[in-house]
Amino acid sequence: MKRRAPPLLLMLLATVLAVTPYLLPWALIQWSSVPTTPYVYIPPIERPVVTIQLPPEQLADEEPELEPEPAPEPEEVEAEPVEEPAPTYPQADVLAAKEGVVSLDVVAELDGPKSLRVGRPRPVKRPPTPPGEKKPRPPRKKPECLPEAPEIGEVSPTAHRVEEQLVDYYANHLLDVEQLAASWWKLDEEGERVGVGIGRMKCGSLLRQGGFKNGDVIVGVNGMPIQSWSDGVNAFLKLRTKRLLWVDVVRRGGAVRLDFLLVDPGLAKIPSAIADPLLNPTVLVDQELARAELPWLKRTFGKGKDRREQRKAERALWESLSEAWLEESGALEDEEEALEPPEAPPAVDPKAPPPQRTDAAQREAAKAAEAAEKDKKRGEGDAPAPADPPTPTPKAP
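Reminder that position 236 of the sequence shown reads as 364 in the numbering used here, one-by-one numbering, no gaps.
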């Protein structure tokens with residue numbers, strides 16, 4: 129039987145085979161020699177100077193320019209020149225003394241360091257403010273408000289007059305509505321939509337003039353809940369057929385109702401155009417109170433009792449406005465009657481034909497003629513006394 133090699137020998141052989149690829153390059157580097165080259169100084173190249181000389185004919189044609197006479201210069205006292213000691217370079221002397229060769233590194237060292245520091249300027253420290261004094265703050269610039277729109281008139285913070293043409297424009301241009309303010313869906317604790325929040329309204333915008341504020345949540349228009357974009361579009365398209373609009377808004381945890389009365393162009397700024405007796409908004413408010421409470425209204429507004437009290441307060445506001453308008457209109461009518469002269473009775477023309485009788489007068493005249501004929505037939509034999517003439521019938525008004 130063949131004898132097996134001891135395991136130590138096998139381990140030594142495996143180690144030698146593993147280290148051999150690394151030892152061979154190291155051995156080659158150690159045995160090889162790199163020739164050394166002396167330092168060579170390369171002097172700078174002298175660049176040729178190019179001069180252009182014009183022909184004498186061209187020089188003769190040109191007129192010499194007259195140079196102004198130089199002003200007399202003040203006499204200067206020449207200072208005695210001061211001889212500066214020449215710098216000594218020990219490394220250059222050593223290399224020059226050897227083979228007359230200067231290294232490039234030494235040349236760079238002889239020229240001196242040429243470094244450029246680029247960076248931001250250091251901030252200047254301000255002197256500390258003494259204790260007890262406050263730093264003056266620059267005044268804040270107030271945002272520039274947009275010009276007031278003549279199509280919207282304010283009656284109260286929650287009641288406004290709006291011209292119909294303004295509502296018609298935004299009903300036909302729904303994309304322009306998004307530019308009035310930023311909007312987002314408002315969710316409740318259960319994750320259901322309860323309305324649309326609005327914000328980022330500029331000072332003097334149409335919504336700000338209409339009573340809206342940043343952070344308001346619109347939950348309904350004319351009693352219709354807004355829980356999707358389709359509901360909002362449908363409610364917006366129905367504005368054309370409505371005369372009175374109201375928007376239910378949640379503001380800082382409370383319910384606010386904004387009322388808008390659509391008027392003809394040019395009547396938004398007139399105070400007497402708000403309470404037309406034929407379009408009295410108190411009737412619509414009564415209908416709103418009589419209808420059943422919806423679950424979304426209970427969840428949003430809270431108890432129905434508070435909401436009814438708020439509606440009563442708004443109704444009192446509208447009634448006061450209507451009474452003020454009626455008093456104003458009655459006073460104007462009295463003033464107009466006092467200014468108008470009394471009407472004179474119409475003159476009667478004697479040559480004019482008599483007025484035509486009415487149907488009742490004609491019937492009475494026919495009955496009187498029939499009675500006269502009967503009496504005449506009966507009295508032909510008895511010769512009665514002449515009858516009295518019939519009394520004239522009064523004219524019908």
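Rather than coming from a laboratory, the hints here were simulated on the basis of the structure.
Don't take each hint at face value.
Distance ranges between label pairs, derived from CB positions [to be verified]: (1) A299 / E261: 29 to 37 Å; (2) S311 / D392: 25 to 33 Å; (3) Y169 / A142: 54 to 62 Å; (4) L303 / P266: 37 to 45 Å; (5) R371 / G343: 54 to 62 Å; (6) I170 / T148: 51 to 59 Å; (7) E318 / L274: 48 to 56 Å; (8) V305 / E272: 37 to 45 Å; (9) I170 / V147: 42 to 50 Å; (10) Q307 / K269: 42 to 50 Å; (11) L395 / A494: 53 to 61 Å; (12) E174 / Y150: 21 to 29 Å; (13) P258 / P278: 35 to 43 Å; (14) P275 / V305: 18 to 26 Å.
Subject to a maximum C-alpha distance of 35 Å in a straight line, what follows is the list of computed DSBU-like cross-link-like pairs (lysine-lysine) [stated by the list, open to error]: (15) K314 / K269; (16) K314 / K263; (17) K505 / K495; (18) K330 / K269; (19) K330 / K341; (20) K269 / K253; (21) K263 / K341; (22) K330 / K262; (23) K270 / K341; (24) K253 / K263; (25) K262 / K314; (26) K269 / K341; (27) K341 / K253.
Ideal Cβ positions, reconstructed from N, Cα and C, are used throughout, including at glycine.
Evaluation of the provided hints:
no.	hint	verdict
1	A299 / E261: 29 to 37 Å	violated, 59 Å
2	S311 / D392: 25 to 33 Å	holds, 30 Å
3	Y169 / A142: 54 to 62 Å	holds, 56 Å
4	L303 / P266: 37 to 45 Å	holds, 39 Å
5	R371 / G343: 54 to 62 Å	violated, 29 Å
6	I170 / T148: 51 to 59 Å	violated, 46 Å
7	E318 / L274: 48 to 56 Å	violated, 39 Å
8	V305 / E272: 37 to 45 Å	violated, 23 Å
9	I170 / V147: 42 to 50 Å	holds, 46 Å
10	Q307 / K269: 42 to 50 Å	violated, 24 Å
11	L395 / A494: 53 to 61 Å	holds, 57 Å
12	E174 / Y150: 21 to 29 Å	violated, 54 Å
13	P258 / P278: 35 to 43 Å	violated, 55 Å
14	P275 / V305: 18 to 26 Å	holds, 20 Å
15	K314 / K269	holds, 32 Å
16	K314 / K263	violated, 42 Å
17	K505 / K495	holds, 16 Å
18	K330 / K269	holds, 15 Å
19	K330 / K341	holds, 10 Å
20	K269 / K253	holds, 28 Å
21	K263 / K341	holds, 34 Å
22	K330 / K262	holds, 33 Å
23	K270 / K341	holds, 18 Å
24	K253 / K263	holds, 16 Å
25	K262 / K314	violated, 43 Å
26	K269 / K341	holds, 21 Å
27	K341 / K253	violated, 45 Å
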